[in-house]
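First to last, the sequence lines map onto chains D and U.
Residue numbers in the first sequence follow the working numbering, run continuously in steps of one, and reach 291 at the last position.
Residue numbers in the second sequence follow the working numbering, run continuously in steps of one, and reach 291 at the last position.
Hints listed in this document are in silico derivations from the structure and should not be mistaken for laboratory results.
Yeah, the Cβ is synthetic: ideal placement off N, Cα and C, and Gly gets one too.
One or more of the hints may lead you astray.
A few chain D residues facing chain U, derived, Cβ under 7 Å [unchecked claim]:
1) 119
2) 127
3) 133
4) 136
5) 165
6) 166
7) 181
8) 186
9) 234
2 protein chains.
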Amino acid sequence: MSGRLTVIGLGPGDERYLTREAEDALQAADALYGYRPYLDRVPAREGQIRHASDNREEAARAEAALRHAAFGGHAAIVSGGDPGVFAMAASVCEAIANGPEAWRSLEVTVVPGITAMLAVAARAGAPLGHDFCALSLSDNLKPWELIERRLDAAANAGFVIALYNPVSRARPWQLGKALALLAHRLDGSTPVIFGRAIGRSDENLTITTLAGAGEVTADMASLIIVGSRETRLIARPGLSPLVYTPRAIESVSA
Amino acid sequence: MSGRLTVIGLGPGDERYLTREAEDALQAADALYGYRPYLDRVPAREGQIRHASDNREEAARAEAALRHAAFGGHAAIVSGGDPGVFAMAASVCEAIANGPEAWRSLEVTVVPGITAMLAVAARAGAPLGHDFCALSLSDNLKPWELIERRLDAAANAGFVIALYNPVSRARPWQLGKALALLAHRLDGSTPVIFGRAIGRSDENLTITTLAGAGEVTADMASLIIVGSRETRLIARPGLSPLVYTPRAIESVSA
Numbered sequence: 038m039s040g041r042l043t044v045i046g047l048g049p050g051d052e053r054y055l056t057r058e059a060e061d062a063l064q065a066a067d068a069l070y071g072y073r074p075y076l077d078r079v080p081a082r083e084g085q086i087r088h089a090s091d092n093r094e095e096a097a098r099a100e101a102a103l104r105h106a107a108f109g110g111h112a113a114i115v116s117g118g119d120p121g122v123f124a125m126a127a128s129v130c131e132a133i134a135n136g137p138e139a140w141r142s143l144e145v146t147v148v149p150g151i152t153a154m155l156a157v158a159a160r161a162g163a164p165l166g167h168d169f170c171a172l173s174l175s176d177n178l179k180p181w182e183l184i185e186r187r188l189d190a191a192a193n194a195g196f197v198i199a200l201y202n203p204v205s206r207a208r209p210w211q212l213g214k215a216l217a218l219l220a221h222r223l224d225g226s227t228p229v230i231f232g233r234a235i236g237r238s239d240e241n242l243t244i245t246t247l248a249g250a251g252e253v254t255a256d257m258a259s260l261i262i263v264g265s266r267e268t269r270l271i272a273r274p275g276l277s278p279l280v281y282t283p284r285a286i287e288s289v290s291a
Numbered sequence: 038m039s040g041r042l043t044v045i046g047l048g049p050g051d052e053r054y055l056t057r058e059a060e061d062a063l064q065a066a067d068a069l070y071g072y073r074p075y076l077d078r079v080p081a082r083e084g085q086i087r088h089a090s091d092n093r094e095e096a097a098r099a100e101a102a103l104r105h106a107a108f109g110g111h112a113a114i115v116s117g118g119d120p121g122v123f124a125m126a127a128s129v130c131e132a133i134a135n136g137p138e139a140w141r142s143l144e145v146t147v148v149p150g151i152t153a154m155l156a157v158a159a160r161a162g163a164p165l166g167h168d169f170c171a172l173s174l175s176d177n178l179k180p181w182e183l184i185e186r187r188l189d190a191a192a193n194a195g196f197v198i199a200l201y202n203p204v205s206r207a208r209p210w211q212l213g214k215a216l217a218l219l220a221h222r223l224d225g226s227t228p229v230i231f232g233r234a235i236g237r238s239d240e241n242l243t244i245t246t247l248a249g250a251g252e253v254t255a256d257m258a259s260l261i262i263v264g265s266r267e268t269r270l271i272a273r274p275g276l277s278p279l280v281y282t283p284r285a286i287e288s289v290s291a
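So here's chain D without its partners, still in its complex pose (with noise of 0.2 Å):
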């Protein structure tokens, strides 16, 4: 079967996160899937038809996309940041698991792309700079008995934690709930960032702190990284501060 899908990470924002890899495969492509936002980041190729769908959509558009490439084309699926990271590389390999046997013998070739949590952490200094953890704070997909559980067991074990899927509509009240379990394990002092359509003309950055956190508002757009006992701030004159975890821990109980 000569058929092939490429899942392409376009990063957070506009172009400038593009690798050359991921400007390369949105050429190859004769046909494009991906929610319509992503889409419309991608310059026109005559040729190359664009298939727009909603953010709900993630499994249908996979086995759109896998369709087409089961009799012979070449599709690729775009994907905000890191195609990898809470996104639809996972939902393609559902749809191959789940799906006809034929497209087991598709190739497959996953473009990485810069997720979002690395593009909000540049912004702040070196949040990440030691062991972190990403948790999606969705419970659509998973019960919310499980998240408070990871997050407990991160913020105890002092991994800094980048917070996927902070809010939506549908998910008023997580995030909430979720910084008041971490503000039980960790100090007020604790720095967290908030990162929104970091890359995009309207980006915006707010570092504050755990006992803050509760003030600022955030959305689906919106990346939040909660510091471990370890991460500290440097002031800075006229300037935005700077977020970092060192690289040495001296003692155990970090």
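Given the coordinates of chain D, assemble chain U onto it according to the supplied hints.
Chain U in isolation, oriented as in the chain D frame:
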């Protein structure tokens, strides 16, 4: 003070992984600082000075670049992968925190890059498709006891685990001990991915299980991903299997 310092992520391998932002930032600097193999990846530009240094000289490199910026220059430090993940951005912040007051007035910019775990994950499918953590196995800068505690917490809470700095000449036994610890928490059939020099011409990807992981050779250029209880594998005729962690988790015991 007009000096500037940019910390630039080159991604994991050749120039395919460079973002446009990184290319522009490399051009803009008048002096480049970095570990020699990373500097060697960057094409020469007339009038741009280069200061190559050794692997273990992060602090001295950061200070040298900051001094250049403090004299009004535009210094750039190059970093493999992403500078914010176990790399130079934290060293720069540490140097500023401990350095002369004037360094706090310098403009510091971090340019994110594709970090090793994203490149390895992309080659394997979508092993980081759900909650995961990144942990350095180096006990040069933290007690081994703390590494064990974090491995334990991450495996118990169901995080996929990306292991950075798994082995070096001075640290020959740490990876074996870490895998043995994880084997007490996770099933022997748990997928484990060894990526070595991903993105370079000599790249190598080995997909194995936790029970078989002890037989795979790793070195300083390796990045290892250990699956969670949810991570699974799709066998494919004539192709490398796909490893992925599904987006949905049904039960809390996962």
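So, going through the hints one by one against the coordinates:
no.	hint	in the structure
1	119	5 Å, holds
2	127	3 Å, holds
3	133	6 Å, holds
4	136	10 Å, violated
5	165	5 Å, holds
6	166	3 Å, holds
7	181	9 Å, violated
8	186	6 Å, holds
9	234	15 Å, violated
The earlier numbered hints that this structure contradicts are 4, 7, 9.
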